[in-house]
Amino acid sequence: MAMDNRSNFFKKISARPLMRKNDLLVIGGVFVLSFALSFLIPQHQTASIVIVEVDGREAYRFSIQKDGEYPIRGCHPVGGTNPVSHTLHIRDGQVYVEDAQCRDKLCEKMGKIDHPGQIIVCVPYKVLIRIEGYQVNENGASPDAVTR
Amino acid sequence: MSSSDPDSPVTLQKRVWFYALLILIFAVAVFLLLFRKNTPPYTTKDAIRMGTYMRICLGAEKNPHTLIDAMMREVTRVENKYSFHNEENILAEINRNGENWTYVDEETRFILERSYELALITKGAFDPALGRLTKLWGFDQIDKDDFVFRVPTPEEIETALKASGYRNLEIQEDTVRLKNGALLDLGGIVKGYAIDRCVQVARELDPDATGYVDIGGDIGIIGPKFGGADWIIGVQSPREIEGVSLMASVFMKTGGIATSGDYQRYYEIEGQRYHHILNAETGKPSTGTVSATVIAQNSMDADAFATAGMILDEDYVLQILPRLGGQALLIDPKLSKRSTDGWASFEKNDP
Numbered sequence: 001m002a003m004d005n006r007s008n009f010f011k012k013i014s015a016r017p018l019m020r021k022n023d024l025l026v027i028g029g030v031f032v033l034s035f036a037l038s039f040l041i042p043q044h045q046t047a048s049i050v051i052v053e054v055d056g057r058e059a060y061r062f063s064i065q066k067d068g069e070y071p072i073r074g075c076h077p078v079g080g081t082n083p084v085s086h087t088l089h090i091r092d093g094q095v096y097v098e099d100a101q102c103r104d105k106l107c108e109k110m111g112k113i114d115h116p117g118q119i120i121v122c123v124p125y126k127v128l129i130r131i132e133g134y135q136v137n138e139n140g141a142s143p144d145a146v147t148r
Numbered sequence: 001m002s003s004s005d006p007d008s009p010v011t012l013q014k015r016v017w018f019y020a021l022l023i024l025i026f027a028v029a030v031f032l033l034l035f036r037k038n039t040p041p042y043t044t045k046d047a048i049r050m051g052t053y054m055r056i057c058l059g060a061e062k063n064p065h066t067l068i069d070a071m072m073r074e075v076t077r078v079e080n081k082y083s084f085h086n087e088e089n090i091l092a093e094i095n096r097n098g099e100n101w102t103y104v105d106e107e108t109r110f111i112l113e114r115s116y117e118l119a120l121i122t123k124g125a126f127d128p129a130l131g132r133l134t135k136l137w138g139f140d141q142i143d144k145d146d147f148v149f150r151v152p153t154p155e156e157i158e159t160a161l162k163a164s165g166y167r168n169l170e171i172q173e174d175t176v177r178l179k180n181g182a183l184l185d186l187g188g189i190v191k192g193y194a195i196d197r198c199v200q201v202a203r204e205l206d207p208d209a210t211g212y213v214d215i216g217g218d219i220g221i222i223g224p225k226f227g228g229a230d231w232i233i234g235v236q237s238p239r240e241i242e243g244v245s246l247m248a249s250v251f252m253k254t255g256g257i258a259t260s261g262d263y264q265r266y267y268e269i270e271g272q273r274y275h276h277i278l279n280a281e282t283g284k285p286s287t288g289t290v291s292a293t294v295i296a297q298n299s300m301d302a303d304a305f306a307t308a309g310m311i312l313d314e315d316y317v318l319q320i321l322p323r324l325g326g327q328a329l330l331i332d333p334k335l336s337k338r339s340t341d342g343w344a345s346f347e348k349n350d351p
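Protein sequence lines, in the order shown, are assigned to chains A and B.
One point on numbering: in the working numbering, the residue at position 24 of the first sequence is 24, and numbering is uninterrupted.
One point on numbering: in the working numbering, the residue at position 169 of the second sequence is 169, and numbering is uninterrupted.
Derived by calculation from the structure, the hints in this document are not laboratory data.
Mixed in with the good hints there might be a few duds.
Computed cross-link-like contacts, SDA-like style, restricted to lysine to any residue with a CA-CA straight-line distance of at most 25 angstroms [stated by the list, open to error]:
(1) B:144 <-> A:108
(2) B:14 <-> A:31
(3) B:162 <-> B:85
(4) B:144 <-> A:58
Residues from chain B that keep clear of chain A, each with C-beta distances beyond 12 angstroms, as calculated [as the list claims (entries may be wrong)]:
(5) 70
(6) 89
(7) 113
(8) 288
(9) 323
Covered stretches of chain A, going by a simulated chain B footprint (3 or more residues, C-beta under 8 angstroms) [claimed, not checked]:
(10) 22-35
(11) 117-127
Backbone N, C-alpha and C fix where the C-beta goes; we use that ideal spot for every residue, glycine too.
Only chain A is shown next, with the shape it has when bound in the complex (with noise of 0.2 angstroms):
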């Protein structure tokens, strides 16, 4: 008896044309669903590794995400040994450097990069940080380059 009640109401509702504007917002719906989660679908992620150069080559690789100081060991200008040069640091997805043994310490100067595009340079030790990513900025709000 329950079933066909249920059964009868069913079938006056699949005969009602407001049956298939419910269609219609079931499919609007998964569309803004399949638009939101689109976004959740993790995509490879673009800055979360910096990458250390030395003379042309890279020397080191740490994620951005790990907080920590790490002594890096640039090319020493005399020759000999292979002193420690720098000491890397990286907090809250900022990286910089210290203790720098260069003379003007520009590197140091350079202050703290975060996102892809930035670079630390100590020339006379041939040093290059930088965070791996895409460079070229769309929005318009920051320069894609500086003159200085």
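On the provided structure of chain A, position chain B as indicated by the hints.
For chain B alone, kept in the frame of chain A given last:
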């Protein structure tokens, strides 16, 4: 009430879920393709060259890495050929030969001729023959840890000045020579030239290439961003101020921009700063303007004009540079800005 009945609730439900799933997959695929950019339109290469950092940002349809390799090789070639530190290149040979004529190729002749011209039109503010002064002050040793800097005596400066100046450079058909012991130092122009060559190489290999080349803050545009938009270039503030790193922003689709400043390479003794832009008249680091940024048609000119902009009197610079094809932004020790009439148009984004 079987499930083969198309109007039965079970089939309807199945159909709804089936189509919903299909649409979901389709929509996700569409959104992933349209809205997520997986391949960057620009390839970037960072390196250390010419005693500073270098960045190539290149947009090219095919083989951007091949182009970048070619551009890097060109920069290395120019650096080796005209570096003041290299004792085996043509520059060293010309310097060693002194008053004896040295044979030079077309490229060297072009650079020296243009340098001479630029020295003339900037009244010697840009000067390619200040090698004696560079050596005296030790700016050629600035990257060496063990070099001990000291301020030269007035007598030493006087002696070096007598052996300096572009007027000592004589250029003939295919030979050049230097009089009075003057030495060539192309440091004020070689970065600009290297950038121009780099841009040329890119365009030769791919006429549709876009992007820019940045060597130590001198920037040359290969082509407009995404084919038609401006590159946004910030002008570094010459002093460290909390929260301020840029003094201005310009929008460029073509040409070159260069900055000379007293904050880039310098020695400091007892709180006094001695920077590397030397005034050819006094033989000492320039005073007054702390940063000069110049936009010109090519980076070689921009480089030379920026150097001149540091040395010449502010009013004179603002008056003469536009006539020479440059637009300038000058910053004084109080961080006040003054610019040529045409500079402002670069600070506006083209609609």
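Checked hints:
1. B:144 <-> A:108: 18 angstroms, holds
2. B:14 <-> A:31: OK: residue 14 (chain B) and residue 31 (chain A) at ~19 angstroms, within 25 angstroms.
3. B:162 <-> B:85: Cα-Cα ~22 angstroms, so holds.
4. B:144 <-> A:58: Given that 25 angstroms is the threshold and the Cα spacing comes to 24 angstroms, the pair holds.
5. 70: At roughly 17 angstroms from the nearest Cβ of chain A, residue 70 (chain B) sits farther out than 12 angstroms, so the non-interface label holds.
6. 89: Residue 89 (chain B) is indeed farther than 12 angstroms from all Cβ atoms of chain A, at 20 angstroms.
7. 113: Its Cβ never comes within 12 angstroms of chain A, the nearest being 27 angstroms, so this holds.
8. 288: Residue 288 (chain B) is indeed farther than 12 angstroms from all Cβ atoms of chain A, at 19 angstroms.
9. 323: 22 angstroms, holds
10. 22-35: holds (count 8)
11. 117-127: holds (count 6)
In summary, the structure agrees with every hint in the numbered list given earlier.
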